[in-house]
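Note that the protein sequences, when read in sequence, are chains A and B. Counting with this note's numbering, you get residues 305 to 415 for the letters of the first sequence. Counting with this note's numbering, you get residues 42 to 157 for the letters of the second sequence.
Hints listed in this document are in silico derivations from the structure and should not be mistaken for laboratory results. Warning: the hint list may mix true and false statements.
[To be verified] Partial pick of chain A residues on the chain B-facing surface, computed with a CB cut under 10 Å:
no., residue
1, Gln310
2, Asn311
3, Lys345
[Claimed, not checked] DSSO-like, lysine-lysine: derived pairs with alpha carbons at most 30 Å apart:
no., chain 1, residue 1, chain 2, residue 2
4, B, Lys105, B, Lys55
5, A, Lys307, B, Lys96
6, B, Lys82, A, Lys360
7, A, Lys321, A, Lys360
8, A, Lys307, B, Lys105
9, A, Lys345, A, Lys307
10, B, Lys107, A, Lys345
11, A, Lys321, B, Lys61
12, B, Lys107, A, Lys360
A virtual CB, placed ideally from N, CA and C, is assigned to each residue, including glycine.
Below, each chain spelled out in residue letters.
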Amino acid sequence: ELKVEQNPLFLSMQEGKNYTIYCNYSTTSDRLYWYRQDPGKSLESLFVLLSNGAVKQEGRLMASLDTKARLSTLHITAAVHDLSATYFCAVDTNTGNQFYFGTGTSLTVIP
Amino acid sequence: GAVVSQHPSWVICKSGTSVKIECRSLDFQATTMFWYRQFPKQSLMLMATSNEGSKATYEQGVEKDKFLINHASLTLSTLTVTSAHPEDSSFYICSARRSGEYQPQHFGDGTRLSIL
Chain A
305 ELKVEQNPLF LSMQEGKNYT IYCNYSTTSD RLYWYRQDPG KSLESLFVLL
355 SNGAVKQEGR LMASLDTKAR LSTLHITAAV HDLSATYFCA VDTNTGNQFY
405 FGTGTSLTVI P
Chain B
42 GAVVSQHPSW VICKSGTSVK IECRSLDFQA TTMFWYRQFP KQSLMLMATS
92 NEGSKATYEQ GVEKDKFLIN HASLTLSTLT VTSAHPEDSS FYICSARRSG
142 EYQPQHFGDG TRLSIL
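Could you build all of it, start to finish, from the sequences and the hints given here?
In structure tokens form, the structure reads like this:
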């Protein structure tokens with residue numbers, strides 16, 4: 305069974321600080337996705353990482369993928385309150401037909 | 042592009058009734074649609090995968106007679122929760138995906154179902 309684990313599960317940090325969220329997965333996959341979810345809302349796509357070594361950046365968020373280590377990171381730079389949300393990583397199978405979501409990381413940025 | 046509309050967004054009903062949730066891809070053809078369930082403060086759990094014109098594939102532990110899925114066209118899938126009970130209360134999210142490699146899933150806004 306494919307497992308996708310995120311670390312940490314909960315994160316509270318002050319504005320202006322940096323932090324990294326980790327996503328480990330247990331099977332071979334070259335595709336990893338990061339999503340943001342605000343309370344009571346659905347998922348917003350942040351990044352799609354399609355190959356080993358892929359790095360993508362959008363604003364204060366940067367995501368990377370190491371398929372050999374089966375690890376993706378989501379790095380937060382100089383956090384602001386607007387980044388408070390739950391972040392999910394997801395991996396799909398090699399057939400591309402099933403998504404497996406990580407446990408989620410609930411981020412609270414304190415002004 | 043790639044907008045997925047889910048309807049209704051919130052529904053409250055009495056125990057024993059059936060509830061239908063619609064998922065539409067508005068500007069693309071979705072060969073595959075997915076239905077997820079999410080409990081408060083938990084991750085998304087895949088319930089079933091449906092391909093247009095064929096029977097849905099249910100994940101282990103999901104009752105197919107309880108959660109009826111129909112994917113009658115390339116732009117519409119429906120999830121019917123039959124004889125709903127309070128334990129079926131949850132946030133249900135659909136997603137849709139074009140055919141082809143590396144196509145991402147596009148998510149609907151979710152439906153909050155509350156069974157009294």
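Right, here's what the structure says about each hint:
no. : hint                   : verdict
1   : Gln310                 : 9 Å, holds
2   : Asn311                 : 14 Å, violated
3   : Lys345                 : 7 Å, holds
4   : B/Lys105 with B/Lys55  : 21 Å, holds
5   : A/Lys307 with B/Lys96  : 26 Å, holds
6   : B/Lys82 with A/Lys360  : 27 Å, holds
7   : A/Lys321 with A/Lys360 : 20 Å, holds
8   : A/Lys307 with B/Lys105 : 24 Å, holds
9   : A/Lys345 with A/Lys307 : 24 Å, holds
10  : B/Lys107 with A/Lys345 : 25 Å, holds
11  : A/Lys321 with B/Lys61  : 45 Å, violated
12  : B/Lys107 with A/Lys360 : 41 Å, violated
In summary, the numbered hints that this structure violates are 2, 11 and 12.
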